[in-house]
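Q: Given only the sequences and the hints, what does the whole structure look like? Please build it.
2 protein chains.
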Amino acid sequence: MLEHGGRLARAAAAYGIPREAWLDLSTGVSPHSWPVPPVPTEAWHRLPEDEDDLLDAARAYYGCEHLLPVAGTQAAIQALPRLRLRSRVGVLSPGYAEHAYAWREAGHDVTLLPMHELLARADEFDVTVFISPNNPTSERVPVGATLGATALGENTTRPAVLCHDRSRPRSLLQEQRWVIVDEAFGDTWPALFLQPREGLILLRSVGKFFGLAGARAGFVAAWPALLDALQERLGPWSLSGPTRYAVTRALRDTTWQATMRDRLRGESASLATTLATAGLLPTGGTDLFQYCLHPAAARLHHALAQRGILVRLFTDPAALRFGLPPDAAGLARLAQALTEISP
Amino acid sequence: MLEHGGRLARAAAAYGIPREAWLDLSTGVSPHSWPVPPVPTEAWHRLPEDEDDLLDAARAYYGCEHLLPVAGTQAAIQALPRLRLRSRVGVLSPGYAEHAYAWREAGHDVTLLPMHELLARADEFDVTVFISPNNPTSERVPVGATLGATALGENTTRPAVLCHDRSRPRSLLQEQRWVIVDEAFGDTWPALFLQPREGLILLRSVGKFFGLAGARAGFVAAWPALLDALQERLGPWSLSGPTRYAVTRALRDTTWQATMRDRLRGESASLATTLATAGLLPTGGTDLFQYCLHPAAARLHHALAQRGILVRLFTDPAALRFGLPPDAAGLARLAQALTEISP
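Chains F and U, in that order, are what the protein sequence lines are.
If you count the first sequence from 1, position 322 lands on 1493 in this note's numbering, and the numbers rise without skipping.
If you count the second sequence from 1, position 125 lands on 1296 in this note's numbering, and the numbers rise without skipping.
Some hints could be false.
Said to hold, decoys possible - Not the full set, but computed from the structure, chain U residues with beta-carbon under 7 Å of chain F: (1) SER1204; (2) PRO1208; (3) THR1212; (4) GLU1220; (5) ARG1387; (6) ALA1396.
To be verified - Per the computed footprint, the stretches of chain F lying under chain U, defined by three or more beta-carbons under 8 Å from a beta-carbon of chain U, are: (7) 1240-1254; (8) 1347-1356; (9) 1402-1416; (10) 1445-1458.
No lab work stands behind these hints, which were simulated from the structure alone.
None of these values were measured; they are calculated from a predicted model.
From the three backbone atoms N, C-alpha and C, an ideal C-beta is built for every residue, glycine too.
A: Below you can see the structure in the form of C-alpha cells.
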C-alpha cells in the first residue's frame, strides 16, 4: 500500500514524541470538524438502509441529481478501474498517488503526465484522470471547451482484451471514453464544481472540507449507468449507519458551511504568509493546504518532525505540503520552528 | 444486488404502516446492541490509523493471532473471489446468498450443494464455501477430520486461465485449495470457532452478536499471506474511525459478552417455543434466529407483514426466518399474530 499523511502514531513512535504533543499538519483535512451530535442507537444497531435522507441531502449540497455515496473517494478510486477492460489511462502527475496505483493494480496501461500534457494528449487515452484542485500542487483543470474535447471524443477502436470480470456493465461501459475529475478539495469554491454528464465522472470527498476524514464518506457524480455499475461493484451497506447519520446532517448545515468557507480561506492565507515570511514561498495552495517545492524538503520534514510538527513530504519532485494549523497557537508554533530550521 | 432482510423502510412503504409501528424480525442481528459510548471528536476527524487497539482487542476476543478487520463480512465475501483466477467453487446451499453471488460475479464456476454433498465432493473444487452455523438453516460444519481432508488436499493441476488482476499475490494464492467458513453467527458458542491455518479462511461478524450491524465491521482469520493480499485488495481506511472506536470496546467487554450469550440463548429458546406452540415447529435455529420450512411461507410472510411484523422470506426452499423479538411484548405480539394467521 502507498504511504499517506495522517500517520501520527507512526511518527510518534519514530521520533519518541508522545502523540498528544504533535502539531499534525500532514493531511489536507480541515482542522475544524463539523460537530457531530450523539449518534442514535438505531444507527449502530440496524443495517444501513438507502431510504434515509443521505442522497437527497447530497443532491441539495452538490446541486446535481445523479450521485452515489461511497466509503470515501478511496472506495471509488479503487473500484472504477475494475469496471473497465484493459485500457490506456492517462493520469495527472504529480497528483494524489492512489489513482495511478489503482489503475495499475487493475492491469491497465498507465501513463503519468503533467496537466498541460495530459490535456494535450488526451486523445491517446481511453481514460484520463485529473485532480482539481490537484493534491498536492493545487493546479485546476481549465474548465470549458478544453475538457469537453478531451472528455467526449469518439469511441476507441483498439481491440479490447477480455479480462477477469465478465459482468455485463463492464463491456457496456468499455465503449466510452472516461474523464475522471477528483474534486476532493473543491468544497470551498462550490461554484467551480463541474457538472456530471455522460463520460464525465466526478469524485467528491466529505472528509476534507467537513473535517470528517474518520467517517469514510464521499460521493461519485456521473451518469446513471456508471453509477449503477459502480454500486453493483461496491455491494450493499458500504457506508456505516453512524456515518450516514452524521454526513446527512453535515451536508444540510448550510450555515456552518458558509462560515467555514470564509474561515478556511482566511486561515490558509495566514498559513501562506507564515511560510513565505520564513522563506518558504508556497508554490501552490488551496483553502485546505499549502504546497512548497523545495530541494531540501526531506531535511526540512525531518527537522520539523524533531520539533513535533508533522508535515507531508513528497520526493518527486521534492516538496512539502502543510495542512492548516488548528489555531493561532499552532500557527505560531510552526512559525517559530521555521525560524529555527532556516529553510 | 440481492435482496436482504432489514429493509424496513421498503416494507413500511409497501404495507402503509409507519416505520415505528413495525416489529422487525427480518434479520439475524441481535436486538440488544452493545451500548456504544459517545464517540470522541477525533474518531470522526482523523483518518483512521491501524495503530489503535482494534487488532489486539480482536486477537483477545477470537483467540487467534492472524486477523484482518474488514468493513463487515460482506467486504470479505466480495473481495475473496477477486484474489483467485477462475476456479471451481463449491458453495453451501441453501445458505447466505452473497457468497455464490460474489464468486459468480467474479467469473468463477460455481456449484451449489447441500452440506453433505459439498463435504463428500470437496475434492472436485478449488474453493469450498461453508457457512457454520448456516444462515438460515443453522446446520454446522462437522469439525475435525472431514473438514481437514476437504481443506488441505494437494494442489490442483487444472491449468489456470490468467484473468484481469495481474498482481503477484493472486498467482501465489492460486496454487492453494481454499476452504472458507463463514462463522458470522458463531459468537454465542466461541468454543466452536475454528482456528485458521494455511488454506482455511474464517469470516467473523461483529454485527450480529453485538447488535452493531450499522457499524459495518467484521474480521477475517486466515494465514498471513492471504491476509496481506486481502488487505492490499481492500485498500487503506476500510473501517471508519467511529466504528474502530466502538468495536474495539465491544470486543473488550467480556462481562457484557458473557451475560448476553446467556440472554440470547434463553430468548431464542422462547422464540422457538412460541413458534412451535403456534404450529410452526422450527426446522433449525441458532441463538439469534429460528428457521421454519413451510410450504405456505409466502402467505405467512404477507399475513405477518399486514400485521406490522416483518420476517425474512425464503423461496427455495419455501421458509421463514424469525429474528429475536426485542422484548416480551414483541414476543407476545408475534404469538398473537400467529394465532390469527393459523400456519
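Q: Hints first: check each against the structure and report whether it holds.
A: Structure-based check of all given hints:
Because the smallest distance between the Cβ of SER1204/U and any Cβ of chain F comes to about 4 Å, under 7 Å, the interface hint for this residue holds. With its C-beta approaching chain F no nearer than about 10 Å, PRO1208/U sits outside the 7 Å limit, and its interface hint is violated. Annotation: THR1212/U was flagged as interfacial toward chain F, and the flag holds, the nearest CB pair being 6 Å apart, inside 7 Å. Interface restraint check for GLU1220/U: the shortest CB-CB distance to chain F comes to about 5 Å, inside 7 Å, so the restraint holds.
A hinted interface residue such as ARG1387/U counts as satisfied when its beta carbon comes closer than 7 Å to some beta carbon of chain F; here the least separation is about 4 Å, so the hint holds. Proximity of ALA1396/U to chain F is violated relative to the hint, the smallest CB-CB distance being about 15 Å (cut-off 7 Å). For a cut-off of 8 Å, the count of residues in the region 1240-1254 of chain F with a CB near a CB of chain U stands at 6, and the three-residue condition holds. With a threshold of 8 Å between beta carbons, the proposed coverage of the region 1347-1356 of chain F by chain U is violated, since 0 of its residues qualify and at least three are required.
Counting residues of the region 1402-1416 of chain F whose CB lies closer than 8 Å to any CB of chain U gives 11, so the stated coverage by that chain holds, three being the minimum. Counting residues of the region 1445-1458 of chain F whose CB lies closer than 8 Å to any CB of chain U gives 0, which falls below the minimum of 3, so the coverage claim is violated.
Violated hints, in rising order: 2, 6, 8, 10; the structure is consistent with all others.
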